[in-house]
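*Asks:* Residue strings, one per chain:
Protein chains: 2
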Amino acid sequence: MSVHLARGTRDFLPDEAAHRHHVIGQLQEVFARHGFEPLETPAFERIETLTGKYGDEGQKLMFKILKRGAGSERGECDLALRYDLTVPLARVIAMNPGLRMPFKRWQAAPVWRAERPARGRFREFWQCDADIVGSTEPLADAQCVAVAVDALQTLGFQRFTVRLNDRRLLAALARGAGAVGPLEIKLLITLDKLDKIGRDGVDSSMAELGLGEERRGRVWQILDLSGDNDTILDGMEAGLSGGSVSEAIASLRAVLELAEALGVEPDQLRIDPTLARGLDYYTGPVFELVVEEPRIGSIAGGGRYDDLVGIFGKKAVPAVGVALGLERILIVMQELDMFGPRTDTATVMVAVYDEALRLEATRVATALRRAAVHTDLFVGSGSLRSQLKHAHAKAIPWAVIVGPDEAAAGLLGLKEMATGEQETLTLDEAIARVQAYERRGS
Amino acid sequence: MSVHLARGTRDFLPDEAAHRHHVIGQLQEVFARHGFEPLETPAFERIETLTGKYGDEGQKLMFKILKRGAGSERGECDLALRYDLTVPLARVIAMNPGLRMPFKRWQAAPVWRAERPARGRFREFWQCDADIVGSTEPLADAQCVAVAVDALQTLGFQRFTVRLNDRRLLAALARGAGAVGPLEIKLLITLDKLDKIGRDGVDSSMAELGLGEERRGRVWQILDLSGDNDTILDGMEAGLSGGSVSEAIASLRAVLELAEALGVEPDQLRIDPTLARGLDYYTGPVFELVVEEPRIGSIAGGGRYDDLVGIFGKKAVPAVGVALGLERILIVMQELDMFGPRTDTATVMVAVYDEALRLEATRVATALRRAAVHTDLFVGSGSLRSQLKHAHAKAIPWAVIVGPDEAAAGLLGLKEMATGEQETLTLDEAIARVQAYERRGS
Numbered sequence: 001m002s003v004h005l006a007r008g009t010r011d012f013l014p015d016e017a018a019h020r021h022h023v024i025g026q027l028q029e030v031f032a033r034h035g036f037e038p039l040e041t042p043a044f045e046r047i048e049t050l051t052g053k054y055g056d057e058g059q060k061l062m063f064k065i066l067k068r069g070a071g072s073e074r075g076e077c078d079l080a081l082r083y084d085l086t087v088p089l090a091r092v093i094a095m096n097p098g099l100r101m102p103f104k105r106w107q108a109a110p111v112w113r114a115e116r117p118a119r120g121r122f123r124e125f126w127q128c129d130a131d132i133v134g135s136t137e138p139l140a141d142a143q144c145v146a147v148a149v150d151a152l153q154t155l156g157f158q159r160f161t162v163r164l165n166d167r168r169l170l171a172a173l174a175r176g177a178g179a180v181g182p183l184e185i186k187l188l189i190t191l192d193k194l195d196k197i198g199r200d201g202v203d204s205s206m207a208e209l210g211l212g213e214e215r216r217g218r219v220w221q222i223l224d225l226s227g228d229n230d231t232i233l234d235g236m237e238a239g240l241s242g243g244s245v246s247e248a249i250a251s252l253r254a255v256l257e258l259a260e261a262l263g264v265e266p267d268q269l270r271i272d273p274t275l276a277r278g279l280d281y282y283t284g285p286v287f288e289l290v291v292e293e294p295r296i297g298s299i300a301g302g303g304r305y306d307d308l309v310g311i312f313g314k315k316a317v318p319a320v321g322v323a324l325g326l327e328r329i330l331i332v333m334q335e336l337d338m339f340g341p342r343t344d345t346a347t348v349m350v351a352v353y354d355e356a357l358r359l360e361a362t363r364v365a366t367a368l369r370r371a372a373v374h375t376d377l378f379v380g381s382g383s384l385r386s387q388l389k390h391a392h393a394k395a396i397p398w399a400v401i402v403g404p405d406e407a408a409a410g411l412l413g414l415k416e417m418a419t420g421e422q423e424t425l426t427l428d429e430a431i432a433r434v435q436a437y438e439r440r441g442s
Numbered sequence: 443m444s445v446h447l448a449r450g451t452r453d454f455l456p457d458e459a460a461h462r463h464h465v466i467g468q469l470q471e472v473f474a475r476h477g478f479e480p481l482e483t484p485a486f487e488r489i490e491t492l493t494g495k496y497g498d499e500g501q502k503l504m505f506k507i508l509k510r511g512a513g514s515e516r517g518e519c520d521l522a523l524r525y526d527l528t529v530p531l532a533r534v535i536a537m538n539p540g541l542r543m544p545f546k547r548w549q550a551a552p553v554w555r556a557e558r559p560a561r562g563r564f565r566e567f568w569q570c571d572a573d574i575v576g577s578t579e580p581l582a583d584a585q586c587v588a589v590a591v592d593a594l595q596t597l598g599f600q601r602f603t604v605r606l607n608d609r610r611l612l613a614a615l616a617r618g619a620g621a622v623g624p625l626e627i628k629l630l631i632t633l634d635k636l637d638k639i640g641r642d643g644v645d646s647s648m649a650e651l652g653l654g655e656e657r658r659g660r661v662w663q664i665l666d667l668s669g670d671n672d673t674i675l676d677g678m679e680a681g682l683s684g685g686s687v688s689e690a691i692a693s694l695r696a697v698l699e700l701a702e703a704l705g706v707e708p709d710q711l712r713i714d715p716t717l718a719r720g721l722d723y724y725t726g727p728v729f730e731l732v733v734e735e736p737r738i739g740s741i742a743g744g745g746r747y748d749d750l751v752g753i754f755g756k757k758a759v760p761a762v763g764v765a766l767g768l769e770r771i772l773i774v775m776q777e778l779d780m781f782g783p784r785t786d787t788a789t790v791m792v793a794v795y796d797e798a799l800r801l802e803a804t805r806v807a808t809a810l811r812r813a814a815v816h817t818d819l820f821v822g823s824g825s826l827r828s829q830l831k832h833a834h835a836k837a838i839p840w841a842v843i844v845g846p847d848e849a850a851a852g853l854l855g856l857k858e859m860a861t862g863e864q865e866t867l868t869l870d871e872a873i874a875r876v877q878a879y880e881r882r883g884s
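For the record, the sequence lines run as chains A and F.
Taken in order, the first sequence gives residues 1 to 442; the numbers are from the numbering used here.
Taken in order, the second sequence gives residues 443 to 884; the numbers are from the numbering used here.
Just so you know, these hints were derived from the structure itself, not from any lab.
Check before you lean on any hint, since a few could be wrong.
Pair ranges (Cβ atoms, derived) [what the hints assert, rightly or not]: (1) F:683 / A:356: 28 to 38 Å; (2) A:4 / F:709: 46 to 56 Å; (3) F:562 / A:420: 51 to 61 Å; (4) F:558 / A:4: 26 to 36 Å; (5) A:404 / F:558: 57 to 67 Å.
Now the stretches of chain A that chain F is said to cover, found in silico as 3 or more residues with beta-carbon under 8 Å [to be verified]: (6) 38–44; (7) 173–179; (8) 217–223; (9) 370–376; (10) 430–436.
Don't be surprised by glycine CBs; every beta carbon is placed ideally from N, CA and C.
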């Protein structure tokens, strides 16, 4: 019988699973440091909850669950796996009116999408979101930028920038080019491809959308703005018009100032008029964290979405959030060897010399564990030689061997696997030696 | 629009989510201390993988996922949510022949079962398993007992015992009473109810199964054995017959001795001839951890199952494991108030005195976070009074207020929320004060 994983899913064997746990543990600490609280929601939701927001597009991506009992024979489905963590958050907010606002929550959990699997694209993958619900203050936007920056720094990323723009400025840009209604969305989708298809590609796409040269010129006038953040903001304020432009500019100025006060380096913050992410979702400032060295592109992003969290309730609920690209982060950290040695593996393997000395070995393992030493007692069968091979293959740095002579003398053999050197020590001496090694972390 | 959770599922709001994270973090450390390694597998598997073992019974419990595209209109399903962590483990073993044996893995993850929801029974719940694959040694069985005992002790459970028996002794018991084939399973299911329906209940159930008085007497002769472990084992050895009885007795004697050497107190280990868990699955020693005070019954259990892990491969793969009843543990710890105060929540809330002093407040929050203090900067709008109410409602012990006088003097106000006392301090003094509080943990 041959077995396979379901398409687009992965197992994580110990090394990789340990790396994932490490990253999530680090993020957990960063979120706590910034006052975000954990939330957990179920893997599946009622289909009507999930279709509330995303309509047909979401429908196609959903893994739907067959009804149990009546209806199953007709292929009826009542549940579906969540495909993001935002719709469940909106449901939680609607169902828990007593939650204190602003509510700052983080959640790191798998989501599922029935997309065609490809390199780096999976049907089960983890999202890691931090959101602030119930505040319209730019300080909330800046807080989301800052927690993401701290997260990446804590994980060891060094050179990255935060690109910022505002959904309202993009709308004004489209309006100024005469692109309203469906054409606005099409224009913004085109702009979103600037990195991929370049200036000429975007220009011809705009022409195909029916934008004449003069209108395209008005778009380029904004997109081509350069200089420091103030200069670009001044240029956008001058070149765009409409009710919410000055509000948007003021928001961005406040977010820049506050993000800096929250510890983001000034030269990490860049207003970018071409940034056009999450078109149908965001309502205010949007941002993206781009790692520059190595050049791996966007690794986190977010923005303000004041119309989504309220969908299940009676009134609008402002919200702003950031999503860390957990899978991307993990792939990059693995490729760049950013993980230190695993800290969860055994420091010592206690070998079982023979049947007669099994009990001695077991007692030594217990003493080591009581001293908080990560200890792998060899529980298989096999010669001492094969046991030491096991320790070597698993990169366990120390082995303990209690042979007949050691047992008779109340001692044990402590072998450093890298050098092969073995010393005869008391139990306490061995514990001290290994604890010192664990403290040094090498 | 009214929204609901899917039936039988739960949200975990911050307090509860933090407790769950705490317990899983503690278990993670215990598993590492005992040399178990983490493994992660996907939420869904191909249906044929899941039906491999459990047949119709498993089928009924599965949440099946509708095919995407062709076949969906006929209600065809190709995937299903995992309903335990053991079948995925068997698949991983079959697909990764290079894994070194013995392979000790732990996994804590949700599973899904389409059971009728009831008090304490959910359709999504977490399992937490530690298994050793590839060893037939009783030391492996004892290691599984010991890691479970260490886990419960680490979580703060104090009085609990380990009941042990052996599947082969139960088979011999049934055989001795003339209950073979389907009748054997029925008899063992009956015995499993001893705690619930009592001695008389079991006796009449056995009579209903067609067991005459003399046969029932032979069963009671074993079940009624009492005394210390040696006495009971001697009694079983004398009263049962068949090829594997002496092997089973020898296994149990070895497991007892080794579990003790692994740190389990001798009087925590009790041979119990009535223990009959997991009837169709186990092949050797079985055990159960029972918490006696408070009297909440079994909270972890496991045993040897040498026929399951090999189902997807060419050869048998011995295995022994333990499952910690994570949901049960969480419910009990919550009911008994076994959780200390949350350690992930903010120690300080920094209030924003007014718009003009927002930047000052933000900078203070950044300095606190850089000193690793968990800091909740208030990012909403509202009076100072309402901000302090927020800190109080969230049980944040300290508040920082930077008013105009403090800002002018380069100082800040540090308010102890419990007493209402406020001091004017330098930033460094405030950091030192709060860090000292965090270290004291109170």
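*Asks:* Hints the structure violates: just list their numbers, smallest first.
*Replies:* Violated hints (numbers, rising): 7, 8, 10; every other hint is consistent with the structure.
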